[in-house]
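Novice: Sequence:
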Amino acid sequence: MKRILYFAFLVAHLAASAQSFQTTNPDSLKINTKDIVNFWVAYDRLATVKTTADSLKIVDQFYLRKATRGLKLYQELSRSDASSFLAAICTHPRLLQSIRATTLAIPTYKPSILQGAHKLKQIYPASGFPELFFCVGKFEVAGNRTNDILYIGVELTCLTKDSPRDELIPYMQAAAGTIDQVEVVCLHEMVHYQQQLDPKTNLEAALVEGGAEFIAHYLTGKSTMQSVFDRVDSSLEKTIWAEFSRQLDKPVDSYWFLATGDAARQRPGMLGYVMGYRICEAYYRKAPDKAAALQSIIRLRNPRAIYEGSGYGK
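Residue numbers -18 to -1, 1 to 296, in mature numbering (1 follows the signal peptide of the UniProt record, and there is no 0), belong to the letters of the sequence shown in order.
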């Protein structure tokens, strides 16, 4: 069920093109962390009650009823209620304790997040920006967006190196990110806001995700997918491309985009992201006009032209 839910989030995430921006000025970008504060208030109050009924009342009264637009978006898409949130809290006790300090420290990362927005504006002057909402979700999805809202689930993006990942379901263990990458996560998502493509095929979805990661890495020198790249050597990359290239024009297949790995074949997940990244990387390297190439990758008006122009796999 959670695999299906995660893919539902992915589809909504990929389809959220043609955004309405909150601002076109990086300095006016809003970062909202109210839901984090409210969550920990509710969390602490849970220790004062003994019954499930009282626990549900606390989650509802002190967290969900005070939800920002970002948390409300997550609730709507995940069909969440107090009961499901309480269940998530109860099944991730050690992980939650490990991320309390990092989640509350999000405001200190605002300068680096704004710096990323400025860098994006420099290479793509038409950039617009959503309001960023940092919320505590149910360990299902790290981010989503619609209109002028960008939701970021801190329970999957603000881990420490010592956070107990064993409390996460297997396919999320590799995907969860650490707090030092939060500005890269935000920049990746901000790139999505500029993209002018509603992906229908594996190639288009790969360029949406791989393109956003390529731009984020280009601007910061960091990648949220480094652990995946480290596992894909040149031999495996060729093997994966041989399979993926036969499915470029087929409808988006979750196999290529979920964090779930293929243990039987010793493969990491998110291989569609890797393919998209490599195509964009090759396209940029071959392009005589680097500035124009970056803008093409960001806009994604013609994904086929990017693929053909990259020469990747040929």
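Any given hint could be a false lead.
As the list claims (entries may be wrong) - Computed cross-link-like contacts, SDA-like style, restricted to lysine to any residue with a CA-CA straight-line distance of at most 20 Å:
1) Lys92 x Ala156
2) Lys48 x Ile13
3) Lys16 x Lys103
4) Lys101 x Ile13
5) Lys272 x Tyr106
6) Lys92 x Pro146
Stated by the list, open to error - Pairwise CB distance ranges, derived in the manner of DEER restraints:
7) Asn284 x Leu86: 16 to 24 Å
8) Asn284 x Asn7: 48 to 56 Å
9) Asn7 x Lys32: 49 to 57 Å
10) Ala108 x Lys16: 45 to 53 Å
11) Val23 x Ala287: 19 to 27 Å
12) Thr5 x Leu28: 35 to 43 Å
13) Ala35 x Ser216: 34 to 42 Å
14) Asn284 x Asp9: 39 to 47 Å
15) Thr6 x Arg283: 16 to 24 Å
16) Ser217 x Leu86: 42 to 50 Å
17) Arg76 x Arg283: 42 to 50 Å
Keep in mind the hints are simulated off the structure, nothing from the lab.
Virtual Cβ for every residue (Gly too), placed ideally from N, Cα, C.
Novice: Each hint: holds or not?
Specialist: Against the structure, the hints:
This hinted pair does not check out: Lys92 and Ala156 have alpha carbons roughly 26 Å apart, beyond 20 Å. The hinted pair formed by Lys48 and Ile13 meets the criterion: a straight-line CA distance of about 17 Å does not exceed 20 Å. Restraint check for Lys16 and Lys103: not satisfied, since their Cα atoms lie roughly 27 Å apart, outside the 20 Å limit. Distance restraint check for Lys101 and Ile13: the Cα-Cα separation of roughly 17 Å lies within the 20 Å cut-off, and the hinted pair is therefore satisfied.
Between Lys272 and Tyr106 the CA atoms are separated by roughly 12 Å; this keeps the pair inside 20 Å, and the hint holds. Proximity of Lys92 to Pro146 is assessed by CA-CA distance (about 26 Å); at most 20 Å being required, the pair is judged violated. One distance hint, 16 to 24 Å for the beta-carbon pair Asn284 and Leu86, is violated here, with the actual separation near 44 Å. The supplied range of 48 to 56 Å is broken by Asn284 and Asn7, whose beta-carbon atoms lie about 29 Å from each other.
Asn7 and Lys32 have their C-beta atoms about 50 Å apart, which keeps the hinted 49 to 57 Å range intact. Roughly 30 Å separates the CB atoms of Ala108 and Lys16, a value that falls outside the hinted 45 to 53 Å. For the hinted restraint 19 to 27 Å between Val23 and Ala287, the CB-CB distance of approximately 51 Å leaves it violated. Between Thr5 and Leu28 the beta carbons are some 37 Å apart, a value that agrees with the proposed interval 35 to 43 Å.
Our hint of 34 to 42 Å for Ala35 and Ser216 is violated, since their Cβ atoms are close to 58 Å apart. Taken as a hint, the range 39 to 47 Å is violated for the pair Asn284 and Asp9, whose Cβ atoms sit roughly 32 Å apart. Look at Thr6 against Arg283: about 19 Å separates their beta carbons, and that is inside 16 to 24 Å. Our hint of 42 to 50 Å for Ser217 and Leu86 holds, since their Cβ atoms are close to 44 Å apart.
Between Arg76 and Arg283, the C-beta spacing of about 46 Å keeps the proposed range 42 to 50 Å intact.
The earlier numbered hints that this structure contradicts are 1, 3, 6, 7, 8, 10, 11, 13 and 14.
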